[in-house]
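Going down the list, the protein sequences come from chains V and U. For the first sequence, the numbering used here begins at 196 and goes up steadily by one. For the second sequence, the numbering used here begins at 21 and goes up steadily by one.
These aren't lab readings, by the way, just hints derived from the structure by calculation. Please note that the accuracy of each hint is not assured.
As the list claims (entries may be wrong) - Once the Cα atoms are required to be at most 35 Å apart in a straight line, the calculated DSBU-like pairs of lysine-lysine come out as: (1) U:K160 / U:K194; (2) U:K106 / U:K34; (3) U:K160 / U:K129; (4) U:K194 / V:K279; (5) U:K34 / V:K279; (6) U:K118 / U:K138; (7) U:K82 / V:K279; (8) U:K182 / U:K82; (9) U:K82 / U:K106.
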Amino acid sequence: MKRKASYAEIRLTLGVASVGIGLFAANLALFHWVEQTGIYHLLGNYAQYICAYGGFGAMIFGSMLINDFLVQRRRAIAREDLSKFLVDLNAAKEKKVVVRKTRR
Amino acid sequence: MNQFRKLKLILGAKGILCIVSLTMVVLALVTYSATVTMTPTRQFTIGASSASWTVYVNDVNKVEYLPGGASEPTFNASNPDTYAFKVITDANRNCSIKIELTTAMNSSKFSNFNITTKYWTGAAWADATLYTTATGSTTKPYIDGLVSSDAGYIQQGVSTTKYYLIEVTYSYDKVDETTQVTATFQYTPFP
């Protein structure tokens, strides 16, 4: 049975894709934009600027999503470690109590 | 609305903004274009490009053909040396051919140099009508080779194929010279 992708994984995928596409779009708009005769853009003369700003936005928000994923993962690891530590601590306490009772 | 909430839950505000940015990029790259494929069609095809005529001193109103010499050539559609040029028109466009000499003949040697054309009817060569302009209806009997830039036009209708022959009626009766003379015919198609 397939495991369902978590929200964090979906966000990571979207973030990585956005950074890549944003980089490509910004690069295209800034350095490789060619006005071809006979080709009309849906957004007219603003197409280049919208492409550039869209690319910047995609890079920024994509990076934020990747960062969120990394922070979330680190937090999850830390939480897991803490809960493990607490479990171990409880176990140790219980062991001590049992030892004292047996001595008495 | 519920779907949007669900999407917001999955992606978060940053994810939504990310989607908006990507949508902007996609919209900016949407273009409209139309492609036209053009097929050039040749209406005029040259046939024989040279001929050799023997002209005698004191010839008067003698006839020579290009190609063929003193007599009309035996027509053969698959042999370009048996006609001067070929014109093929389709159903959409007719064609006129301007015929002229690149340089007028020397009038101190020739007393006349009249150029006419013939076309192949399927059984014999028949006289073709010469017009004064590419599209007009005024005709002329011949092109005067002694007059500089004198030209005549052949008008051919749509959906026809015709083979043409150049006929020259000349009189070489002014001088007693045997120096070679050349005449260069120029054909200009006007679709």
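Okay, the hints, checked on the actual structure:
Under the criterion of a C-alpha separation no larger than 35 Å, the hint pairing K160 of chain U with K194 of chain U is consistent with the structure, at around 26 Å. A C-alpha spacing of about 73 Å is found between K106 of chain U and K34 of chain U, which places the hinted pair above 35 Å, so the restraint is violated. In summary, the hint linking K160 of chain U to K129 of chain U is supported, as the alpha carbons are separated by about 24 Å, within the 35 Å threshold. Of the pairs offered as hints, the one joining K194 of chain U and K279 of chain V is violated, with about 126 Å between alpha carbons and a cut-off of 35 Å exceeded.
Annotation: proposed proximity of K34 of chain U to K279 of chain V holds, straight-line Cα distance about 32 Å (limit 35 Å). Pair hint K118 of chain U plus K138 of chain U holds up; C-alpha atoms about 14 Å apart against a cutoff of 35 Å. A C-alpha spacing of about 121 Å is found between K82 of chain U and K279 of chain V, which places the hinted pair above 35 Å, so the restraint is violated. Under the criterion of a C-alpha separation no larger than 35 Å, the hint pairing K182 of chain U with K82 of chain U is consistent with the structure, at around 26 Å.
Proposed proximity of K82 of chain U and K106 of chain U is supported: the alpha carbons are some 25 Å apart, at most 35 Å.
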